[in-house]
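Participant: Residue numbers (numbering that gives the first Met the number 0), protein chains in the order written: chain L, 0 to 181; chain D, 0 to 93.
Keep in mind that a hint or two might mislead.
[What the hints assert, rightly or not] Derived CB-CB ranges, DEER-like:
1. Ser91(L) to Ala27(D): 53 to 61 Å
2. Val88(L) to Tyr44(D): 24 to 32 Å
3. Asp46(D) to Glu60(L): 52 to 60 Å
4. Ile36(D) to Leu2(L): 51 to 59 Å
5. Glu73(D) to Gly116(L): 21 to 29 Å
6. Ile22(D) to Asn8(L): 49 to 57 Å
7. Thr37(D) to Leu118(L): 29 to 37 Å
8. Gly29(D) to Leu2(L): 48 to 56 Å
9. Leu2(L) to Tyr44(D): 44 to 52 Å
10. Ser91(L) to Asp46(D): 20 to 28 Å
11. Ile79(D) to Arg7(L): 34 to 42 Å
Calculated from the structure, these hints are not laboratory results.
Bear in mind that the values here come from a model prediction, so they are computed numbers and not experimental data.
Backbone N, C-alpha and C define an ideal beta-carbon position, used for all residues, glycine too.
Given next are the chains, with one letter for each unit.
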Amino acid sequence: MTLGLIGRNAGRLLVPLIFIFGFYIVVHGHITPGGGFQGGAVIATGVALLLVSYYYRDCLERFIPITNFKLVESAGLMLYICTALAGIVVGSGLLFNWLNASGGLFGHPVAYGVNPGDLFTAGTIPILNFAIGIEVFGALSVVTLIMFAGLQEKTQQEEDAEAAESAAPLVSKRKKGKGGRK
Amino acid sequence: MKETGSIFHPRFMIVLVVLATLILLVPAVGLNFGDPITSSTDQYYIDHSQVETGANNVVASIVFDYRGFDTLGEATVLFIAVLGVAMVFRRLYK
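The following block holds chain L by itself, in its conformation from the complex (with noise of 0.2 Å):
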């Protein structure tokens, strides 16, 4: 069940670069292929991966407690929502695209045809995909967060400890049995 000490490092060093690359494709939703999904799902593994390369309890303790995430994912919900209630009071209807080629945020005029892209534009879709994309990840890492919690996996310092004492041959036998998970 764990890790060794060459994964749990290459681990620490690819969890950034797995949420930069998931916040790309959530950012650059209306642009190239991608969306709100996808990157939430990306960062999702990252999160995934956060939880094996560190220690569960350590995890929990250090960064992420899992309230967090259901705030997270019920904050991206509310942002759809009032994005689309927002159409009806600004526009014409629910989820009405009133912030397109308005001027303002998002809503540079757009180059028609083939074109590289500008990322200001398509009004009302980069705040939808944010607000999909945070709440799949929330959804996610909570799933995952709960998961782990069932593996009921033990601390770095407890498992220092077992290995130290499988490791001294004169630690009584009564010893060596009363450590590890309670």
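Given chain L, put chain D in place with the hints provided.
Facilitator: Coordinates of chain D only, in the frame set by chain L:
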């Protein structure tokens, strides 16, 4: 298995396999892929999506603009699924 009328009778199984093969062959033989009968809708999206939504990615313009309500439903389904998982396994984490 000597019982007559059982679902595992060899004759019944042969008939079932032949029927299933025929049913599975219908889409492979009867449909032409890449040549739909009515293609006016997809041609409309290809022609107009960049003008109407401003997105270079036609798939994104369909998923988040033309069919945005469907995406809202998808997100809600995912949310409810995770809610169910968190409720069922709520004793695993504090």
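Participant: Each hint: holds or not?
Facilitator: Consistency of the hints with the structure:
{"no.": "1", "hint": "Ser91(L) to Ala27(D): 53 to 61 Å", "in the structure": "violated, 45 Å"}
{"no.": "2", "hint": "Val88(L) to Tyr44(D): 24 to 32 Å", "in the structure": "holds, 27 Å"}
{"no.": "3", "hint": "Asp46(D) to Glu60(L): 52 to 60 Å", "in the structure": "holds, 55 Å"}
{"no.": "4", "hint": "Ile36(D) to Leu2(L): 51 to 59 Å", "in the structure": "holds, 54 Å"}
{"no.": "5", "hint": "Glu73(D) to Gly116(L): 21 to 29 Å", "in the structure": "holds, 25 Å"}
{"no.": "6", "hint": "Ile22(D) to Asn8(L): 49 to 57 Å", "in the structure": "holds, 53 Å"}
{"no.": "7", "hint": "Thr37(D) to Leu118(L): 29 to 37 Å", "in the structure": "holds, 36 Å"}
{"no.": "8", "hint": "Gly29(D) to Leu2(L): 48 to 56 Å", "in the structure": "holds, 51 Å"}
{"no.": "9", "hint": "Leu2(L) to Tyr44(D): 44 to 52 Å", "in the structure": "holds, 46 Å"}
{"no.": "10", "hint": "Ser91(L) to Asp46(D): 20 to 28 Å", "in the structure": "holds, 22 Å"}
{"no.": "11", "hint": "Ile79(D) to Arg7(L): 34 to 42 Å", "in the structure": "holds, 35 Å"}
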